[in-house]
Every structure is written in C-alpha cells, then in structure tokens.
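Chains as they are written, first to last, in UniProt numbering: chain A, 1 to 411; chain B, 1 to 411.
A couple of the hints might just be wrong.
The list cannot tell twin chains apart, which means a pair is met if one copy fits it or any two copies do.
Taking lysine-lysine and the BS3-like style, the derived pairs with C-alpha atoms no more than 25 Å apart in a straight line are [what the hints assert, rightly or not]: (1) 180 to 104; (2) 409 to 399; (3) 180 to 82; (4) 180 to 347.
These are calculated hints, taken from the structure and not from any lab test. Remember, predicted model here, so these are calculated numbers, not experimental data.
2 protein chains.
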Amino acid sequence: MATLSAQRKHKVTVVGSGNWGTTMAKLVAENVKEKPTLFEETVQMWVYEEDVTFSKDSKHYSGSDKPEKLSQLINQVHENIKYLPNITLPSNVVANPDLPSSCKDSTILIFVLPHQFIARSCSQLAGKILPYARAICCTKGVDVGEKGIRLMSETIGMTLNIYCGALSGANIASEIAQEKYSETTVAYDPPPMDSRNPTPSGSPNASQVDLINPSKPNPGPRSAHLTPLPAEYPPLSHENVRKLFHRPYFHVHMVSDVAGVSLGGALKNIIALAAGFVDGLGWGDNAKAAVMRVGILEMVKFGKAFFGESARTSTFTEESCGVADVVTSCMGGRNFRCAKMAIQRGKTIYEIEQTELNGQKLQGTSTAYEVNEFLKSQGMEDDFPLFTAVYNILEGNNKPEDIPNLIEKKH
Amino acid sequence: MATLSAQRKHKVTVVGSGNWGTTMAKLVAENVKEKPTLFEETVQMWVYEEDVTFSKDSKHYSGSDKPEKLSQLINQVHENIKYLPNITLPSNVVANPDLPSSCKDSTILIFVLPHQFIARSCSQLAGKILPYARAICCTKGVDVGEKGIRLMSETIGMTLNIYCGALSGANIASEIAQEKYSETTVAYDPPPMDSRNPTPSGSPNASQVDLINPSKPNPGPRSAHLTPLPAEYPPLSHENVRKLFHRPYFHVHMVSDVAGVSLGGALKNIIALAAGFVDGLGWGDNAKAAVMRVGILEMVKFGKAFFGESARTSTFTEESCGVADVVTSCMGGRNFRCAKMAIQRGKTIYEIEQTELNGQKLQGTSTAYEVNEFLKSQGMEDDFPLFTAVYNILEGNNKPEDIPNLIEKKH
Numbered sequence: 001m002a003t004l005s006a007q008r009k010h011k012v013t014v015v016g017s018g019n020w021g022t023t024m025a026k027l028v029a030e031n032v033k034e035k036p037t038l039f040e041e042t043v044q045m046w047v048y049e050e051d052v053t054f055s056k057d058s059k060h061y062s063g064s065d066k067p068e069k070l071s072q073l074i075n076q077v078h079e080n081i082k083y084l085p086n087i088t089l090p091s092n093v094v095a096n097p098d099l100p101s102s103c104k105d106s107t108i109l110i111f112v113l114p115h116q117f118i119a120r121s122c123s124q125l126a127g128k129i130l131p132y133a134r135a136i137c138c139t140k141g142v143d144v145g146e147k148g149i150r151l152m153s154e155t156i157g158m159t160l161n162i163y164c165g166a167l168s169g170a171n172i173a174s175e176i177a178q179e180k181y182s183e184t185t186v187a188y189d190p191p192p193m194d195s196r197n198p199t200p201s202g203s204p205n206a207s208q209v210d211l212i213n214p215s216k217p218n219p220g221p222r223s224a225h226l227t228p229l230p231a232e233y234p235p236l237s238h239e240n241v242r243k244l245f246h247r248p249y250f251h252v253h254m255v256s257d258v259a260g261v262s263l264g265g266a267l268k269n270i271i272a273l274a275a276g277f278v279d280g281l282g283w284g285d286n287a288k289a290a291v292m293r294v295g296i297l298e299m300v301k302f303g304k305a306f307f308g309e310s311a312r313t314s315t316f317t318e319e320s321c322g323v324a325d326v327v328t329s330c331m332g333g334r335n336f337r338c339a340k341m342a343i344q345r346g347k348t349i350y351e352i353e354q355t356e357l358n359g360q361k362l363q364g365t366s367t368a369y370e371v372n373e374f375l376k377s378q379g380m381e382d383d384f385p386l387f388t389a390v391y392n393i394l395e396g397n398n399k400p401e402d403i404p405n406l407i408e409k410k411h
Numbered sequence: 001m002a003t004l005s006a007q008r009k010h011k012v013t014v015v016g017s018g019n020w021g022t023t024m025a026k027l028v029a030e031n032v033k034e035k036p037t038l039f040e041e042t043v044q045m046w047v048y049e050e051d052v053t054f055s056k057d058s059k060h061y062s063g064s065d066k067p068e069k070l071s072q073l074i075n076q077v078h079e080n081i082k083y084l085p086n087i088t089l090p091s092n093v094v095a096n097p098d099l100p101s102s103c104k105d106s107t108i109l110i111f112v113l114p115h116q117f118i119a120r121s122c123s124q125l126a127g128k129i130l131p132y133a134r135a136i137c138c139t140k141g142v143d144v145g146e147k148g149i150r151l152m153s154e155t156i157g158m159t160l161n162i163y164c165g166a167l168s169g170a171n172i173a174s175e176i177a178q179e180k181y182s183e184t185t186v187a188y189d190p191p192p193m194d195s196r197n198p199t200p201s202g203s204p205n206a207s208q209v210d211l212i213n214p215s216k217p218n219p220g221p222r223s224a225h226l227t228p229l230p231a232e233y234p235p236l237s238h239e240n241v242r243k244l245f246h247r248p249y250f251h252v253h254m255v256s257d258v259a260g261v262s263l264g265g266a267l268k269n270i271i272a273l274a275a276g277f278v279d280g281l282g283w284g285d286n287a288k289a290a291v292m293r294v295g296i297l298e299m300v301k302f303g304k305a306f307f308g309e310s311a312r313t314s315t316f317t318e319e320s321c322g323v324a325d326v327v328t329s330c331m332g333g334r335n336f337r338c339a340k341m342a343i344q345r346g347k348t349i350y351e352i353e354q355t356e357l358n359g360q361k362l363q364g365t366s367t368a369y370e371v372n373e374f375l376k377s378q379g380m381e382d383d384f385p386l387f388t389a390v391y392n393i394l395e396g397n398n399k400p401e402d403i404p405n406l407i408e409k410k411h
C-alpha cells in the first residue's frame, strides 16, 4: 500500500572536526535528535586522527600524560579537547577517523574542512558515497586565479558528482559553541530533476572541468549528471534543510544563491583589511563604516560581473553571509586587527602576521592577491577600486591615506 | 543676446551653528570658494546668539574673562569656540545672529538645527525668504506619533512653502571637522516644474496639512505650490547640489529618496539600543551583527509600509544614511553605549542617561516610544519584532535575553 510518509531517514556526516566542524556537529546533532522522523539519530563526524593529551586543567585530566587518539577521546568524554575544549558534545555525535567509513550511507555531507584539505578529501571520497547524497559546504573562501573563480561548493560537487550548497554567515565558532545568539545563511538550490527518469550518471572530474571564466557561461549545477534523491527519503526542501541547522541560538535564513553566499565569505576578508588600514590611521568610525559600505558594493559588483544574475544583490546587502559577516570581520576579526596593527606600528602586515599569529596565515592577503590577479587578467582592476587599493597597499604601491582618493570616482 | 551661462549665482545660508552646523558651514564654504561660477563666495551662518568666554587653553585667550557675543567672536577669530573649538573656519563663513537677515536672498538654505528648534525657526522665516529658495535638512530624526510620521524636511518644506531635501550619513561631526574621511547621502528630488509658466504660489501651512498617515497617500512635494527657480540661476541638478557638499574627505552620493534618507537617521537609534543590549549581555560580535542586520531589514519594511515605493530598499541597504550609519551608531554611538552600560550594570537606561550624559537625552529611547505608539495605532507591532522588542525592554516587559526568540519568527 502506498504511503505518503517517507520510509527512510537522512543520515548526516560532518566532514571535519576543527573548531568550526565540531561546533557544526554539535548543533546538527541537537537538531537530528529533535526531528526523529526526518533524520537518523547518529551524526558521524570525520576526525583527522592525531594523538592528544589532556591539559592539566581539563576536568577530564586523570593524572596521566599518555597520548591518546583524538577520535577515541571524543567518543569517550564527548568533548573535542583539542579544538573545542570545555564544550560538551551531544552523545549522538560519533567521531570516526576513517573518511569513507564516516560518510558511508549518508545522504547529507556537511563539509567543514580547512580550505586546503577540501580537494584531497573529496578525491578520497569519490565513488565511495551514495550517488544521491547532497552536500553543504561550510568552509569559507573560493579558489581564485588568473583563469577564473571556483567556489568550494563547486570543487566538492564536481569531484563527488553530487549537488553541493553553502553555509556562511557572521559566525565566530566559539560564540556559537557557547550557544550565544547568531545568524547564518544557507544557500541550497539543486536543479530540478525527474526522479522517475533519472539520467545516466556521468562522472565529471574537477580537474577536467573548466574553472568559471567570464568568457564562458557559468556551468552551474548540471542536472544531467546528478542522481535524484530516491522518493523514500523526505525531500531536501528549504524547510527540511533549515531544520537541520536552525537552533534557537542559531537562526538560519535559506536562499538559493550559492555563488553569492560563497563569495561573501571570501571577499569580506579584503574589506576587513581595508577597514583595518583606515582604523590604523586613527580616522574613526565614519571612515571605517564608509570602507565597509563601499566594500559591500564591490562584492555586489563582483558577483554580478562574474556570476551574472545568479549572484543576487540582496545576498550581499541583506543576508548574514554578506553585510553581517562584513560587520563582524571589521569589528574584531584577525584580518582587521593585523591590518590595523601594521599601520599603527609602521610595519608590513607580513611582519605582524609573523609576530602575532603563531605561524598561522591571514586569509585576507592571499585573497586580495588572487582577486587582483584575476581582475588584472580581465582588465577590470579600475572597476573595483577598493579591492585594487588593498592589493596596492599590500604591495607598497599605495598608502592607506590614498584610499578616499582612489575610491572617489567610482562610489 | 541670449547666453547659455547662468547670470546669477546661488547664495547659501547654513541655518544653525552647533557642532554639526558649524562643520557643515566649513565644508560648504570651502566648496563655494572653489566654484565661483555657481555660488556666491560668502556663506551666511545663522548663530543663536549667546555670551561666551574663551577657555584659558584657547589659542585666542587674551587674559580677559569678559563675555563676548558668539557671532562676533566667530567673525573675529574664525572659530566657533563654544561648539567646534580648535577648528579654523574659512573666512567666507559669516556668522549672523539675525535669522531672517541671514537667509535674505539665499537660494539654498541648509538646515542644521536641533530637532526641537526646526518648527519654530521655520515659522520665523515664513514669508521672509525667496519664494524659489530650496532647502536641505541635515538634522536627523522624524516626528512620529500616533497620528503618523512627518519628516523634518516636510516640516521645513510645508512651513516655508519650498522644496526641501535631506542629508544624512555615517557622520560624526567632529571627525568631519578634522577632515577625516567620511561619506554621506543627499536626497534631492524636487518635482518637475515648468519655469516658463509658474503656477500661482499657494501657502500651505504645516499645521493645516495632515501628518502622513498610512490610510492616506503620502502627499509628497506638491509642485502646484512650488515656485520654480528662475532660469538665470544655474540649475539645482544632482550634479550641482553634489558640488555644494562633496569634498575630498566628504564623499557625497546623491539619491532621490528623501523619505528613506530621513527614516534611516531616526530608526538607526532604535537599532543601536538593541545592539547595546545584546553587547551588554556579553553575547559577542555575531549577535551584534545579527541585530544590526535584522534592524536594517525592519527599516526597509517600515519605509515600504508607510512611504510606499518612494522609500527604496537600496537607500537602507546600500547608502551611507542606511547601513553605514547603523554600523557607526552600533560601534560607539551614545545610544549603543548607554544601552550596553545599562545591561552591564543592571540599571535602567534612564539611570545611565542621568549619570552619564550631563543632562542630555538619548534620541533612541524617545524614537523607540514614538515608533511603538505609531505601530500600535496601526496594529503592526508584530511586523516589527525588533523595534517592538526594544520598546518592551525599555518598558520592562521583556528582557534583552528574549531578543532572539522575539525576532525568530519574522526574520
């Protein structure tokens, strides 16, 4: 007898277990437990295995300094003592050090890996996941080069031959882990598919597919290569995807603009550098707000120029992944702070990076260079005077004091 | 012989000489000097006369503590020692304590008075200005009550029977006086008029004209009552109005949306209170950015609900008078700081106001009450959950901790 209710439930894996990955696993696990008709209770979390020891002030410290496996510890004490200490995880988060095993039979893969590990992890997963799985990329950033722009979600989607959306917002992980109120934007918009007549699944490979190039139309998600979700599963509508992420302390707004959501999380770092430069000059809040506003409008223009109508103005001006993430990044983010310090101390930002960041690298500087290389290749540097000014300040061709003059004509 | 060049020049008066008024007089005077074909060189500045004495650390202090007239001192030392000390004014700023005399023969009146003096000053000027003068209101705020909303520019325009635009932005006066970079938005959009066939000038009076009421269409500028600018003057196009205000350190963006520009400067103070409340709870930058984003969207909705299509979304989301002014106000403005302090110290905002503001009043609290009274009268409190939450927190009906829950359904 036919039944209207779904017979299978979605199984969820979080691919990644750093600060942000563990935070996502925590909130997703809270949600799946509350929605047992939609989701299986266990949330797998892939852990890049390493040896860890408890610090002496951990409540779990037993006097032994013997190293233990991170994944085993997480499953024992329900805490990621290395990357999210002092936050208890729901017991339905299960750490798994084996990547293919952690994703086996999962219909929803949530990618929360550092930028540089995305491609490699996807290659290891290719062919070992459900063909009809769906992914959401929570890693910020895009791959930009002279040849074009590729979104993280595109790398994931093309390598695994599945649809991949994106989550981004004004989301400082530690605040969300503590259940302090925040918002986010989730872009999810798989192409329409006829589940009764699935087309044969081709197997495009990221390395064979051109980067997005303004001279060619954006390939976008290609429904011909996607396998429809079987009808026994609850549909992955905006409503159901929202249920996976929305918490009383983490408000989710669903949109369809994957390009805009992804670009916002990358380009905001260039704006944060600019805001840091003018703040370092002691120019005050008017100037900082002006740079933020001009930066948001350059984001809008960038989206339209290289992703056409699929990048919506409102994604940048109205969503958490746009205006709110710019605000947060320019209030106290790492790029803002280092840029400000560089100007105040009369040093280069690279000197500040070395002394202040414990070997970590600023995302803003590499994004500013990559975006500039791309804009140059398109002959469009002058159309993005703030992005171009940041590059030229980093290169020593301009001074922060030049910013008002450099952006005067265009904004 | 007919000539294409204008035979007369615009004469400019700045009505007001406080911190912001004196700053506007300074920058406008710098501009008119550089554009002698458009503007007369002298800029009149109306000064509310009072007795002042030099402070002992002023460079002008001569050992005498004898009080002198503020207007005379400004014209002697080219400095407003009381309201904008240590900033030298261009010598073409001429202080004038007589209101009608200061505006005589001026084609451009720039109003920069405290909110509560606007109506009275306009009454004193009625009938004593050029019938074809044009005004720009730089005072932030709107008059809101149970009966409706009236913009400052409407009060000015209706009382004087002239067209009045508006200037607003992320504009902390002291930073602009020091020529630190900032941006602003100028809304200027007089109705089309046929200067060859001027219609007889009626004389509507502010007290006879209804407040804007959602049940009636917005009266807007009524061309039938306006006197066209004589053709001997350079046209007051967006380009020429921009030339009056734009400086290398003060970037002007021209728009046509007077309602949006005016509402932004008023409603941002409610948002700043909300941002202060959540920041006072120690909720961090995610929460603060979320409240700002939600607030901007309530501004957009408010504009659309009560001013229709004339209030454009982009005025709030893309212009200095919208998003940038919200950012500045939520970074360090007075409403933000007092709201934050109230939560941190467990006091009411009125107690903080008394101890911290030297007898000055917060604009945000009165705006929050006025807007709530109006929304209540329209049965629309629930459509603006953040504005309503701020009112209810001020009233003690809600706690700041309730904000996420209160806004969850609508945003």
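To see whether the hints hold, each was checked on the structure:
{"no.": "1", "hint": "180 to 104", "verdict": "neither (33 Å within a copy, 58 Å between copies)"}
{"no.": "2", "hint": "409 to 399", "verdict": "within (18 Å within a copy, 46 Å between copies)"}
{"no.": "3", "hint": "180 to 82", "verdict": "within (21 Å within a copy, 45 Å between copies)"}
{"no.": "4", "hint": "180 to 347", "verdict": "between (36 Å within a copy, 22 Å between copies)"}
Hint 1 from the earlier list is the only one contradicted by this structure; the remaining hints agree with it.
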